[in-house]
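Peer 1: If you want the building blocks of each chain, they are given just below.
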Amino acid sequence: SQTIHQWPATLVQPVGSPLSLECTVEGTSNPNLYWYRQAAGRGLQLLFYSVGIGQISSEVPQNLSASRPQDRQFILSSKKLLLSDSGFYLCAWSRLAMNTGELFFGEGSRLTVL
Amino acid sequence: AQSVTQPDIHITVSEGASLELRCNYSYGATPYLFWYVQSPGQGLQLLLKYFSGDTLVQGIKGFEAEFKRSQSSFNLRKPSVHWSDAAEYFCAVGAPGTASKLTFGTGTRLQVTL
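In order, the protein sequence lines correspond to chains A and B. Using the numbering used here, count along the first sequence one by one with no gaps and you end on 114. Using the numbering used here, count along the second sequence one by one with no gaps and you end on 1114.
There may be inaccurate statements among the hints.
What the hints assert, rightly or not - The calculated DMTMM-like cross-link candidates involving lysine to aspartate or glutamate, where the alpha carbons are at most 25 Å apart (straight line), are:
hint, chain 1, residue 1, chain 2, residue 2
1, B, Lys1049, A, Glu107
2, B, Lys1049, A, Glu102
3, B, Lys1061, A, Asp71
4, B, Lys1049, A, Glu59
5, B, Lys1049, A, Glu22
6, B, Lys1061, A, Asp85
7, B, Lys1061, A, Glu59
8, B, Lys1101, A, Glu22
9, B, Lys1101, A, Asp85
10, B, Lys1061, B, Glu1088
11, B, Lys1101, A, Glu26
12, B, Lys1068, A, Glu107
13, B, Lys1049, A, Asp85
14, B, Lys1101, A, Glu107
Please keep in mind that the hints were generated in silico from the structure rather than gathered at the bench.
When you get a sec, could you build the whole thing from the sequences and use the hints?
Peer 2: So, in structure tokens, the structure goes:
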């Protein structure tokens, strides 16, 4: 069966510090990978998605970047965090072949920028 | 561009009562429609999905949803709510053929009183 792991689960960082959130998927190959951010009362906002190694699409301009160094690894990064980067970050995957549109989510990473 | 509206931010129901959560979408053709549930501090779990065919869709945990094209709606229902159903519910719309780039509503928080 497929599983998705995110870490760290909770992170408190000062403004201006770097960020690295990691996500890995097991039990499947060639998945589509996604980073969503959830802010209170604003639903989920798609930040990045990837259909393959090294292929990253950005949905909104922001202070964050994403990378996919391996097929089942997706990393969210920032060189200098802003207060507005605080939120709940969710990694998700979907099937590339026979894509039904369904997303499978990780447990999330809560980032607080002080 | 596709969009989703969940008009109810917060709903409170008594245990055993029926439930209906509203969802309206905007999309030029027949979209893929989803309902996800999120427990506090957790990722999202798929409740049910609609792609085509029968407009009444059954999901997990006793939930169902009905696609009404004329009203651009995909309301979620449950005949008898359990205390464990307290969570946040998200409706999402996706365009067929895309890399699962779902657009989510802002969510409805369900509180269940005993």
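Peer 1: Each of the hints needs a verdict: does it hold here or not?
Peer 2: Verification of the supplied hints:
no.: 1; hint: B:Lys1049 <-> A:Glu107; result: holds (21 Å)
no.: 2; hint: B:Lys1049 <-> A:Glu102; result: holds (8 Å)
no.: 3; hint: B:Lys1061 <-> A:Asp71; result: violated (33 Å)
no.: 4; hint: B:Lys1049 <-> A:Glu59; result: holds (24 Å)
no.: 5; hint: B:Lys1049 <-> A:Glu22; result: violated (28 Å)
no.: 6; hint: B:Lys1061 <-> A:Asp85; result: violated (34 Å)
no.: 7; hint: B:Lys1061 <-> A:Glu59; result: violated (33 Å)
no.: 8; hint: B:Lys1101 <-> A:Glu22; result: holds (20 Å)
no.: 9; hint: B:Lys1101 <-> A:Asp85; result: holds (21 Å)
no.: 10; hint: B:Lys1061 <-> B:Glu1088; result: holds (14 Å)
no.: 11; hint: B:Lys1101 <-> A:Glu26; result: holds (21 Å)
no.: 12; hint: B:Lys1068 <-> A:Glu107; result: violated (32 Å)
no.: 13; hint: B:Lys1049 <-> A:Asp85; result: violated (31 Å)
no.: 14; hint: B:Lys1101 <-> A:Glu107; result: holds (19 Å)
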